[in-house]
Each structure stands twice: as structure tokens, then as C-alpha cells.
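Go by the hints and put chain B onto chain A.
Chains as they are written, first to last, in the working numbering: chain A, 1 to 192; chain B, 1001 to 1176.
Here are the computed lysine-lysine pairs in the DSS-like style, where the Cα-Cα straight-line distance is at most 25 Å:
hint, chain 1, residue 1, chain 2, residue 2
1, A, K176, B, K1124
2, B, K1174, B, K1162
3, B, K1174, A, K6
4, B, K1085, A, K176
5, B, K1124, B, K1085
In short, the hints are calculated from the structure, not lab data.
Residue-level listing of the chains:
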Amino acid sequence: MTPDPKHAWQNSVPVADARSLEEVRAIANKFFRKIHRRNVIEYAACLFVVVAFGRYVFTLPHILQKIGSAWIVFATFYAAWQLHRRGSAVSPDQAGQVPIYQFMRAQLVRQRDALRSIFWWYILPFLPGLIMILIGNGLVTPAGNGPPIWVRWLSLATMIGIFVGIWWLNQLGARKLQRRIAEIDALMEDES
Amino acid sequence: MAVSTSQQDARYLAAARAHGAEIERLARGYEADAELRRDLMQDIHAALWRSFAIYEGQCAERSWVYRIAHNVGVTHMMTARRRNKAPLVALDEISELIGPGDTEGEVGERALAQQLLATIHRLKPADRQVMLLYLEDLTAAEIGEVTGLSGGAVAVRIHRLKALLAEAHHAEEKRT
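The following block holds chain B by itself, in its conformation from the complex:
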């Protein structure tokens, strides 16, 4: 059954309202440069709007949004890799979050978010996707539904991620 344009518009607007901040964080994970990120965000929103012409509840709306957004993000990342050849690493190749830590409270939270972002930018696509989705509070099963990675592949990555975050937590505790 074809979706009418008004339905498509309404569905897109509802999804953009509900998941807009998540999409923006996801775009940050794929593109560090603010100007290029603006283009990436536009591409994601355009793909999302077009996608709601064929969305009929095939999967949860959130999964739908993440699948489209990550696909556009990965394509953007692979195109950018032709310009920037800095090596990417897997989660098991790093022992701590990248970037400097900071002090307590609001500043500490902001510093941690910066460290998370710097770490995400160094990761290979699959590890990057799992980390982005984990930080958005998706369960392992939901991450599998969005990415198509096997249960084992998701579990291993979440395990490494938790270890990495625990390490950062211990380092911060020691400092304070």
C-alpha cells in the first residue's frame, strides 16, 4: 500500500522530533568537522524523509531511523576515508579512552563526552556503530536488530566497551 505524501511528512516530522538529538549525536560520531557534519545531517534527514514513503511498520521506528542514519553515516565516513587515511582501530586495540580527562560536575561530564567522541572517531565502522548505539542505551538485541551483527559480535564489543568505560571510571576515581 502506498503511503500518501501527507502521511510521509507526518511520519518524518514525528520521527525527527523523537530522534533528532540521537541523529545529531550519531552524525557527530561520523564527522568531526562542523561544516561537513552539517552536510551529513542534511543527507540523513533527506534519506529519512524519503524513507517514510515506504515505511509501513516493517520494524520499530527507532530501528528504522538508526538503520537509515547509520547507513548514510558509514557511506559518508568511507568517502571521507579517501581523503583522511588516519588508521582506525578496533575496540580491543585501545586500553583507555582517548583525549584528556577533566574535573568534576558539568565540566567532568562534558570532558567525558569529548573523550567518548574522540574515541568513537578512532574506531572502525562496526565498533563505532556498536559504541554509538550502546551509548544511546540500546540493548544488545536492539543493536543486533539495527546492525545485523551476530549476537556474539555485539556481545564481544559491548564487553570490551564496558571494560574501557570501567577503566576510565577507575582512572577518574583515582584522580579525585
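This is chain A alone, in the form it adopts within the complex:
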């Protein structure tokens, strides 16, 4: 006689291995430790920028350089806060509250929006500070003593290129996420 597929499937693992609460709690704590470690790395990177530019506030000679450096320090705090607010993944234990694809869609939309708006919260906050530092650099260097003009233009172009590159890569990522969102929308609407 041909076996019943549902019966065959359910009989493939009829009884589960028992797990102790201690074991499960330890694994759950490991998850939180991983998140904590990631946060510490992010904060350490911020601290590095803050210390470097915080020092410039006191050591650089021109007022524009000082204001620009202070601006970068605040921009770093702002970007870190935004990254935390917009970018951090929602823990899977929240997933029971809504159906699977609704939960997945909400996460993807959140990530897509963070990538799409990267200019406003990750690039723009740094620009005024960097521009002030560049102008300040130009003003404190005596004519003829500084690097040639083409070197200054090259460093400006490199900075702009890096920002454009960051923006462009994030837009590519956002488009990729949008394709996945569209796939989920098709699954959730009555059209398949």
C-alpha cells in the first residue's frame, strides 16, 4: 500500500529531543551578547571619530576649522543615533505578533527606507563640517606655502566621490530590497 504523505512526514520525527530551560536561556543570552558586542564595535568607531575631531577643536588654528571639527563630532553622534534607530534588525521573538510575510515586509521596508534616505541622515550632516574645515585649511595656509591647487581640488573631488559612492551603493541596495518587497506584495495580494 502507498503510504500517506502527511503521515510519512509527521512520522519522520515523531518525538522531539527535550531541551532544558537553562540551555535555552543560555542560547538566548548568547544572542543578546552578540548584539551587545556589535553595538560596542559601533560605539568604538564613533568614539574614534569623536576623539580625533574633538582634538582638532583645540589644536587647529582657524575658527572655521574649530567649528567644522565640532560639527563633525555632533554629526557623528547624530549619524550613530540614526543608524541605531533605522538600521538595527528587529529581534525574531517579535515575529509571532503578525504573519510571517507581514513581518518580513515591515523589516524590508524599514531597511529600504534607511538606505534610500542615507543622504539626509548619514551624508548631509557631515558636509557643512567638512566644507568649513576645507575652507579653514585654505585660509590658514600662506599663499605659495600650501600644497598645489590641483592637490586641493583632487582631495575635494575624492571626498565628493566617496560620498557619491556611498549614496549610489545604498541606492542599489534599496532597489534590491524593493524587488523583494514587490515579490512579497505579489504573494500577499490575490493575484498568484
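Relative to chain A, chain B alone:
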């Protein structure tokens, strides 16, 4: 209202006892490698335990367990896909179960379970979820409640699945 730790523990233990075997079968559907599956099972149970801190009967316990477990499973699968790029197929792209059939009785049932598992491993996420939930005997409405797929999307997949299983049944009948 916050759930106390003892309530959380008690709810988790009850759910793990009631649905442990289903979770293990589900994990098999998402991960073929035994070692990696052990990690996946741990992740599912950890997420479940944490989830019972906020469970207050928002939906049926079974749906709650399946939603969490499938979410962890899909995330695991998508991460694994970065290493293993073998193409996944939709249910309508396969005409028969994957893997060899076998003989009667216990051996036949085991062989069929192997074929089902091999087929599940080739499927795209939505088809995989529907097949896993269908094999656990959930109705189309229950599958919709767990996954969030539209009624039409679930119905089409169950229809294809039934055709696939019927085909396997006919092939087996012919052999015997």
C-alpha cells in the same frame, strides 16, 4: 500587562512539549546539514522562549510558534543561500517528487519522507512554507494565518502540491 518570568518559562515549556517535533521537522525543511540544523534548532527555541515574554494570546499558540520558527528558519535559509547558490524552484516547476522511491511498509514511508524532504529543500521560501505547513495538516486558512499569504496564493500552492503528491502516489502504485 507584563508576563512574569515563571509564566514565560511555563508557556515556553508547554509549547516546546506540544510542538517540539513539528519544530524539528520544520528545521529539517530549512537545513539539510545536521550540525547546522542543531544551531538552527537552538536559535528557534531561544527566539520562542523570548517570545513568550510578550505572548498574551494574540493568536493561537500553534500559529505563534509557527510564525516565530518559520521566521528564524527563513532568515537562516537566506543567510545560507549566500554560501550555497543552488537554484530554488517553485512548486509549478517540478512535476514529481525529487529523490528515489522505495518499497512497501516502514521502508516505503521512510523513503517517501526522504523524497518529501529532498523536494522541500529545492523549493523557494513561500512554496517551502506552504508545503511544510500542509504536511503538518494545517488547513488553507491556518496556513494563511501563519504566513500572511493571500487565500489565492495558498490555494494555488496547495493545488499544485496535491497534484505532485498524487503523481507520486500513481508512480508508486504502478511500481507495486
